[in-house]
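Trainee: With chain A's structure known, arrange chain B on it following the hints.
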Amino acid sequence: MSKTKKVIEKGDPMIRLKNQIKSILCNPFNLITLIAFIVLIAFVVVPLVSLIKQTLVLDATAARRAKVEEGTWSLYYWQYLLTGKMAKSMFWVPLSHSLVVSICSCLVAVPLGAILAWLMVRSDIPGKKVLSFLIVIAYMMPSWCKSQAWLSIFRNTLGGAPGILYGFGLKIPDWLAYGPVAMVCVLSLHYYAFTYIMLAGSLGTINSELEEMALIQGASKKNIVMQITLPLVMPAFLSATIMTFSKALGGYSVASYLGTRVKYYTLSTRLHDQIGGGMSGVGYCIAILMILMSAGCIFANDRLIGTRKSYSTINGKGGRSVDLMLGSWRIPMFILVCIFLTIALVIPILSLMIESFQIAPMNGITLNNLTLHNWIGKEENSYAYINYEPGVLRNPKFTRAIWNTVKLGVLGAVIASFMGQLFGYISVRGRGKWYGRAIDQLVFIPYLIPAVAFSAVYVAMFNKPKLGGLIPSLYGTFLLILLISVVKYFPYASKAGSSTMMQISSELEEAAEINGAGFFRRMAQIIFPIAKNGFMSGFILSFISIAKEFDLISLVINEKNTTLSYLTFSYTSMGCYQLAAASSVCMILLISVCYLIAKYVFKADIVKSFG
Amino acid sequence: MSEIVLKNIDKYYGDNRVLKGINLTIEDGDFMTLLGPSGCGKTTTLRVISGLEKPQNGTMTIDGVTMIDAPNAFYEEPSKRGLNLVFQSYALWPHMTVYQNIAFGLKIKKLSKEEIDKRVMDSLRTLRIDQYKDRYPNELSGGQQQRVAIARAIASNPKLLLLDEPLSNLDARLRIDMRVELKRLHQETGTTIIYVTHDQLEAMTMSTKVALFRAGEIAQVASPLELYTNPVDIETADFVGSPRINLIDGKAFFDGNSLKVSSILGDYDFEKSTLKLEEEIPLNKEFDCVLGVRPELVGVSTKKPDAGNVIEATVYATQPAGPETILSLDIQETVISVLQVDLRRYNPNQKVWVTLDPKRINVFNKATTRLIRYAEAREKTEGED
Numbered sequence: 001m002s003k004t005k006k007v008i009e010k011g012d013p014m015i016r017l018k019n020q021i022k023s024i025l026c027n028p029f030n031l032i033t034l035i036a037f038i039v040l041i042a043f044v045v046v047p048l049v050s051l052i053k054q055t056l057v058l059d060a061t062a063a064r065r066a067k068v069e070e071g072t073w074s075l076y077y078w079q080y081l082l083t084g085k086m087a088k089s090m091f092w093v094p095l096s097h098s099l100v101v102s103i104c105s106c107l108v109a110v111p112l113g114a115i116l117a118w119l120m121v122r123s124d125i126p127g128k129k130v131l132s133f134l135i136v137i138a139y140m141m142p143s144w145c146k147s148q149a150w151l152s153i154f155r156n157t158l159g160g161a162p163g164i165l166y167g168f169g170l171k172i173p174d175w176l177a178y179g180p181v182a183m184v185c186v187l188s189l190h191y192y193a194f195t196y197i198m199l200a201g202s203l204g205t206i207n208s209e210l211e212e213m214a215l216i217q218g219a220s221k222k223n224i225v226m227q228i229t230l231p232l233v234m235p236a237f238l239s240a241t242i243m244t245f246s247k248a249l250g251g252y253s254v255a256s257y258l259g260t261r262v263k264y265y266t267l268s269t270r271l272h273d274q275i276g277g278g279m280s281g282v283g284y285c286i287a288i289l290m291i292l293m294s295a296g297c298i299f300a301n302d303r304l305i306g307t308r309k310s311y312s313t314i315n316g317k318g319g320r321s322v323d324l325m326l327g328s329w330r331i332p333m334f335i336l337v338c339i340f341l342t343i344a345l346v347i348p349i350l351s352l353m354i355e356s357f358q359i360a361p362m363n364g365i366t367l368n369n370l371t372l373h374n375w376i377g378k379e380e381n382s383y384a385y386i387n388y389e390p391g392v393l394r395n396p397k398f399t400r401a402i403w404n405t406v407k408l409g410v411l412g413a414v415i416a417s418f419m420g421q422l423f424g425y426i427s428v429r430g431r432g433k434w435y436g437r438a439i440d441q442l443v444f445i446p447y448l449i450p451a452v453a454f455s456a457v458y459v460a461m462f463n464k465p466k467l468g469g470l471i472p473s474l475y476g477t478f479l480l481i482l483l484i485s486v487v488k489y490f491p492y493a494s495k496a497g498s499s500t501m502m503q504i505s506s507e508l509e510e511a512a513e514i515n516g517a518g519f520f521r522r523m524a525q526i527i528f529p530i531a532k533n534g535f536m537s538g539f540i541l542s543f544i545s546i547a548k549e550f551d552l553i554s555l556v557i558n559e560k561n562t563t564l565s566y567l568t569f570s571y572t573s574m575g576c577y578q579l580a581a582a583s584s585v586c587m588i589l590l591i592s593v594c595y596l597i598a599k600y601v602f603k604a605d606i607v608k609s610f611g
Numbered sequence: 001m002s003e004i005v006l007k008n009i010d011k012y013y014g015d016n017r018v019l020k021g022i023n024l025t026i027e028d029g030d031f032m033t034l035l036g037p038s039g040c041g042k043t044t045t046l047r048v049i050s051g052l053e054k055p056q057n058g059t060m061t062i063d064g065v066t067m068i069d070a071p072n073a074f075y076e077e078p079s080k081r082g083l084n085l086v087f088q089s090y091a092l093w094p095h096m097t098v099y100q101n102i103a104f105g106l107k108i109k110k111l112s113k114e115e116i117d118k119r120v121m122d123s124l125r126t127l128r129i130d131q132y133k134d135r136y137p138n139e140l141s142g143g144q145q146q147r148v149a150i151a152r153a154i155a156s157n158p159k160l161l162l163l164d165e166p167l168s169n170l171d172a173r174l175r176i177d178m179r180v181e182l183k184r185l186h187q188e189t190g191t192t193i194i195y196v197t198h199d200q201l202e203a204m205t206m207s208t209k210v211a212l213f214r215a216g217e218i219a220q221v222a223s224p225l226e227l228y229t230n231p232v233d234i235e236t237a238d239f240v241g242s243p244r245i246n247l248i249d250g251k252a253f254f255d256g257n258s259l260k261v262s263s264i265l266g267d268y269d270f271e272k273s274t275l276k277l278e279e280e281i282p283l284n285k286e287f288d289c290v291l292g293v294r295p296e297l298v299g300v301s302t303k304k305p306d307a308g309n310v311i312e313a314t315v316y317a318t319q320p321a322g323p324e325t326i327l328s329l330d331i332q333e334t335v336i337s338v339l340q341v342d343l344r345r346y347n348p349n350q351k352v353w354v355t356l357d358p359k360r361i362n363v364f365n366k367a368t369t370r371l372i373r374y375a376e377a378r379e380k381t382e383g384e385d
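Just so you know, the protein sequences line up as chains A and B, in that order. The first sequence runs contiguously to residue 611 in our numbering. The second sequence runs contiguously to residue 385 in our numbering.
Bound conformation, chain B alone:
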């Protein structure tokens, strides 16, 4: 078991409060991603967990053992927290070979020579870089250096592995390869991983849970699917997903039983059971709302369908990208994006018809920016279309 519990962590640099009462629980075996734009406190949180930064307030326990007790000025040393860290810059010691880099920490632990050798070689093999063990870091490519940095971190069998934007210095193709490697590493070792990134695609593809940071606070903690389907507010919705979610202004009215929404996308009536009642929803009063529709959930046909809620639109621009086509449609002077699988051909200003599945639409209260209506999450499994 290694469960990490952070409570009310505050970190100041001078008078600058960069972490504002962070509360976060990371369960054993989680692949927890701290996601957010740069400067939002995610790396600071990682450094607080690792022990390289000392927060002014708050506590942290790992498996119930107190690691940080700021009120009593207690901070356990980084090396005694049973974790290891992979730096963004890799931080490989340039004067040591790959082997020496990995053996360094093991030697400090005073392990026997055989044990050190076994562990170094095991971790090298796990990352498939055993043929480079006698090279110096500057003789390796960026991707290989990355693997060495990870091998060094896992050689000490940490209960908790921290990764700070490990893929940001790699080129696009290597990044995809390493995503696969990291995911496999997580599955094979079962180690709890905390992963910092600003790339929402990395967060979506690898993690079991995502903590979304914003200006020193956590906006939402959820599984990637949940975060994608029901982002907690407009800003989160806008940050997660590419191409970006369509956010359409509308008017809403809640009579206590159902939420009536009207916009350029038509009129909808949402049942009370799909509403997020703990949020602020004005009663018996029309209010401004924002509809969130993911680009891939917009149906487009060139012939007018017979039934259902059909909206007329004109083609504004198309971006065929090979496996998918991004379509920009003009609906009453508002441009929305549509993502379609395969290559499709449309002519500029061509008339098309848009259909939507009401179950998959998010509604946000424009005043509070918070989500007030859940969309239905749907993950296709094998056999299903």
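This is chain A alone, in the form it adopts within the complex:
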């Protein structure tokens, strides 16, 4: 098409204006887009600006130390963090810890996930279906449950009550029970699944015709792998590496479970401590630096991989090939994978379950060391046990935590998936238009921010009343926890929403429009009924993600709003390990039930959508 200058004739300016206004007002789509923008600006852009501002304006404590008036604009926090006397212990050492842990986790998790993916997709290993299911299911178990399990096995006297291995008479050294080794192990056993999901997806979509063509050209098997297959999965591999690094770098729960006891601080634990009880301005500075690092990773990922992000390689008649014949290695490889699954999945769950029935884990698994007290014990009998707490099922704290978790999960998931569908709708229908792109970019921002830094953003925004009391301080309220969970979940929810909406061709809507259906009728009778299944599985996915969250809410939670994840953590810090184990088991049960509902009722395999 030629690019001539656009010439637009205009009639009577008044009539034209009247008709234009009428058509904007009469189209609810415009109104809804406007609302979406307001929501995103208020809950994403404004808090970020507020975070930056609070690293530059001194609060009362900092002002006293700096000997200036409260509210002065100053780089005091930044200097304190980066160059001051405390800089080394406050920032540089934790930074090195974070880097060491995340790089090591990448070195273990990525090759592990890659090997598993290759075996599951390309080899003739027996029991593929069950094995590949178990390999991804391990990812559903939150990383704090895995840390909890690690503790229940390896804990030594440093943590008060020693764990199961100690009970067998093994003296566990501190470096194994806590600190970087433990963190790397747990993170690797968690994030291997991330690489696995990405690589298996990529390997699975390589059209075998591409490789067959190389075979016909006379390439050897090794040549084909090196020159055809590997380059095709390279983008996914790189992506998995960068994202694993970024997630490990920003993670809080594993670091707080396994690091703080031996004073192995990372950026995220430092951030948490500063906001929780130090100079919050310094915490906000750390948050900004973490956001920059995480965003840097994601941009690096985009730049490195760019448009090659995914080769859509399936087309034509080619199927998937199974070319790695294991031969006599079939059974040994099978056993190796089973051993791996035992370590990654079975032992953690089992150890948590065992611990939840023990009186004292250090006394081993004997009949007189087993009890139901941790589950159903009454308060009046609890003096006999280490906990001094009633069993979880009779414990009002636990009941409240379950209720809070379900409340948070359901409300959060309803709001997040509703908004997600909305954002998805706007972004799909506005494809190529400025508002579609703008919504896409705004919605994506929370994804760039590590969970613990994200909650710092909200603390910075809502710790004091704003606009002369028009917006009250939300610190410590359920509303704030809900808000954080929902907004942090926007990127995932809207991705789910747009993928559902993508499947609904705009022609379906236009056909209804021509038949006289207005916007809301189209939504109610065409879009929603078709999107229903996608909506429901998106809902369950968000429910699980929000309910299991720990990193995101640990900064803003209090006694009254405790959720299951936080209760487990506080049991652990109090030394009530058996109760912590019992509540971890409940968390795993809750997730499993939701997963099964999604799988069998809504026929959606949600594991693969886990980000």
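These are calculated hints, taken from the structure and not from any lab test. Bear in mind that the values here come from a model prediction, so they are computed numbers and not experimental data. Some hints could be false.
[Unchecked claim] Okay, derived cross-link-like pairs now, BS3-like style, lysine-lysine, Cα gap no bigger than 30 Å in a straight line: (1) 532(A) - 110(B); (2) 107(B) - 532(A); (3) 359(B) - 10(A); (4) 407(A) - 603(A); (5) 18(A) - 109(B); (6) 6(A) - 20(B); (7) 18(A) - 133(B); (8) 5(A) - 20(B); (9) 133(B) - 532(A); (10) 54(B) - 10(A).
[To be verified] Now the in silico label distances, taken between C-beta atoms and shown as ranges: (11) 217(A) - 304(B): 27 to 33 Å; (12) 505(A) - 321(B): 33 to 39 Å; (13) 323(B) - 217(A): 39 to 45 Å; (14) 183(B) - 35(A): 26 to 32 Å; (15) 173(B) - 9(A): 29 to 35 Å; (16) 302(A) - 171(B): 38 to 44 Å; (17) 23(A) - 173(B): 51 to 57 Å; (18) 9(A) - 190(B): 34 to 40 Å; (19) 54(B) - 470(A): 38 to 44 Å.
C-beta atoms are modelled at their ideal positions from N, C-alpha and C, and glycine is treated no differently.
Mentor: Leaving out everything else, chain B in the frame of chain A:
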């Protein structure tokens, strides 16, 4: 009466002008086909008529009622234009049965239950799919889905029915069946139809009028026969007809009374009355021209005829296709196609003789690419050979 008048319609996507001042009048009862290659603006025009796209410039009236008045930013809602649309993808709502799909729009019009039932069943019967009324779209074949989409569109008794490449997703045999169905539907209901296609055979076989689109503009509006016999320029000639028209370079000279043309097809003298005088024809000066000869108008004989303009040729290749034979002939290193009815047998490099009817030859000015000499249209009717 439903007469649609489009005036100076411009449509931009960003700075991209996809419709360039479209002027088109569609008369009541027309079967108007918008024909053209993909990306030429025909679907956009259809969407502008339906109201799904808003053009930046121009006006449209249906029966004198203003539907689009772009200078005043007025665009009537699609549902108030008295039309209905069949999408290329059919756009059947997958969560509704066939019956519900068709009843949807009628319910919005708040018709009585009996009336809805009657209309749904009537349109189902018209398209002979009443036995499928309780099925869901994914339980139907492509052809059946197509019929449902049409039934849904006609159930509201639209004055104007718009069809956007409705047959392109069907296989070759079904396409021919549906062509017959659509033509019958047009004859039975008398509804004005606007039909978008890139398939010139569909355009030729079904329409009463064809608007040929090219790069956002209308190249020619004519009846199928006229479009075929006298395409307005070389590109149109080349686009319409299969096998393609033979375009032969030649020299022409116009002395004010007759056009003398010479080429490898021989020398011809065309009378002034058959010339298109409003086109640019250089006077008293030799100029380059292109002769257009349809493959079926080339006569071939294996023995040299006695009289007339006879051209010697050799057989280059034959493609016997059953009901017809496509013959490629070499005339002085130029290959022309010939379409002959029935199976014929020729040997490669066999010598043959070609005869042409001068009345049926088009001449184009090579410089302007425009048609300058009309060929005589001839439609055989019953009784004639």
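Trainee: Is 26 to 32 Å a correct range for the gap between the Cβ atoms of residue 183(B) and residue 35(A)?
Mentor: Violated: the Cβ-Cβ distance is about 49 Å, outside 26 to 32 Å.
Trainee: For a C-alpha distance cap of 30 Å, please report whether residue 532(A) and residue 110(B) respect it.
Mentor: It holds: about 27 Å lies between the C-alpha atoms, which stays within 30 Å.
Trainee: Using the Cβ atoms, figure out if residue 302(A) sits within 38 to 44 Å of residue 171(B).
Mentor: holds (43 Å)
Trainee: Regarding residue 9(A) and residue 190(B), is the given constraint of 34 to 40 Å on their beta-carbon distance met?
Mentor: holds (36 Å)
Trainee: Indicate whether the distance between the beta carbons of residue 323(B) and residue 217(A) respects the range 39 to 45 Å.
Mentor: holds (43 Å)
Trainee: Is it true that residue 23(A) and residue 173(B) lie within 51 to 57 Å of each other by Cβ?
Mentor: violated (45 Å)
Trainee: When you check the alpha-carbon spacing of residue 133(B) and residue 532(A), does it fall within 30 Å?
Mentor: holds (24 Å)
Trainee: A range of 33 to 39 Å was offered for this pair. Does it hold for the Cβ distance of residue 505(A) and residue 321(B)?
Mentor: holds (38 Å)
Trainee: Is residue 359(B) within 30 Å of residue 10(A), Cα to Cα?
Mentor: violated (50 Å)
Trainee: Would you mind confirming whether the straight-line C-alpha gap from residue 107(B) to residue 532(A) stays at or under 30 Å?
Mentor: With Cα atoms ~23 Å apart, residue 107(B) and residue 532(A) stay inside 30 Å; holds.
Trainee: Does 29 to 35 Å hold as the CB distance between residue 173(B) and residue 9(A), or does it fail?
Mentor: violated (48 Å)
Trainee: Would you mind confirming whether the straight-line C-alpha gap from residue 407(A) to residue 603(A) stays at or under 30 Å?
Mentor: Distance of about 25 Å is within 30 Å: holds.
This entry does not satisfy hints 3, 7, 11, 14, 15, 17, going by the numbered hints stated previously.
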